Amino acid sequence: MSVRNRTAREQSTEAVVAAIGIPAVMLYVALLTVVGRLQLAIAHQAVELTAVPELMGLGT
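Under the numbering used here, the first residue of the sequence shown is numbered 16, with each subsequent residue one higher.
Since the hints were made in silico from the structure, they are not lab data. In this text, all values refer to a predicted model and were calculated from it rather than measured experimentally. Careful: at least some of the hints might be erroneous.
[Claimed, not checked] Simulated restraints on C-beta separations:
| # | residue 1 | residue 2 | range |
| --- | --- | --- | --- |
| 1 | V40 | E63 | 29 to 37 Å |
| 2 | I57 | I35 | 31 to 39 Å |
| 3 | A34 | V67 | 28 to 36 Å |
| 4 | T28 | E63 | 50 to 58 Å |
| 5 | A58 | E25 | 46 to 54 Å |
| 6 | R52 | T28 | 35 to 43 Å |
| 7 | Q26 | T65 | 52 to 60 Å |
| 8 | V62 | T28 | 49 to 57 Å |
| 9 | L64 | Q26 | 53 to 61 Å |
| 10 | A30 | A58 | 38 to 46 Å |
| 11 | A66 | T28 | 54 to 62 Å |
Where is the CB? At the ideal position from N, CA and C, for every residue including glycine.
Whenever a hint applies, use it, and build me the whole structure from the sequences.
In structure tokens form, the structure reads like this:
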């Protein structure tokens with residue numbers, strides 16, 4: 016087994032991939048987190064809106 020030396024072009028390609036790829040993955044994770052929290056907030060609001068008339072004695 017021989018270890019070959021990486022060329023300058025390969026190193027620069029890896030740097031570009033890291034410079035673009037890592038922030039892109041972080042933004043994707045942040046987007047998933049925000050969407051998940053938004054869905055939980057909407058679900059919580061729906062439950063509260065459904066429960067309030069029942070608590071006030073206005074339900075059927």
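Hints versus structure:
no.	hint	verdict
1	V40 <-> E63: 29 to 37 Å	35 Å, holds
2	I57 <-> I35: 31 to 39 Å	33 Å, holds
3	A34 <-> V67: 28 to 36 Å	50 Å, violated
4	T28 <-> E63: 50 to 58 Å	52 Å, holds
5	A58 <-> E25: 46 to 54 Å	48 Å, holds
6	R52 <-> T28: 35 to 43 Å	36 Å, holds
7	Q26 <-> T65: 52 to 60 Å	59 Å, holds
8	V62 <-> T28: 49 to 57 Å	51 Å, holds
9	L64 <-> Q26: 53 to 61 Å	57 Å, holds
10	A30 <-> A58: 38 to 46 Å	43 Å, holds
11	A66 <-> T28: 54 to 62 Å	56 Å, holds
In this structure, only the earlier hint numbered 3 is contradicted, and the remaining ones agree with it.
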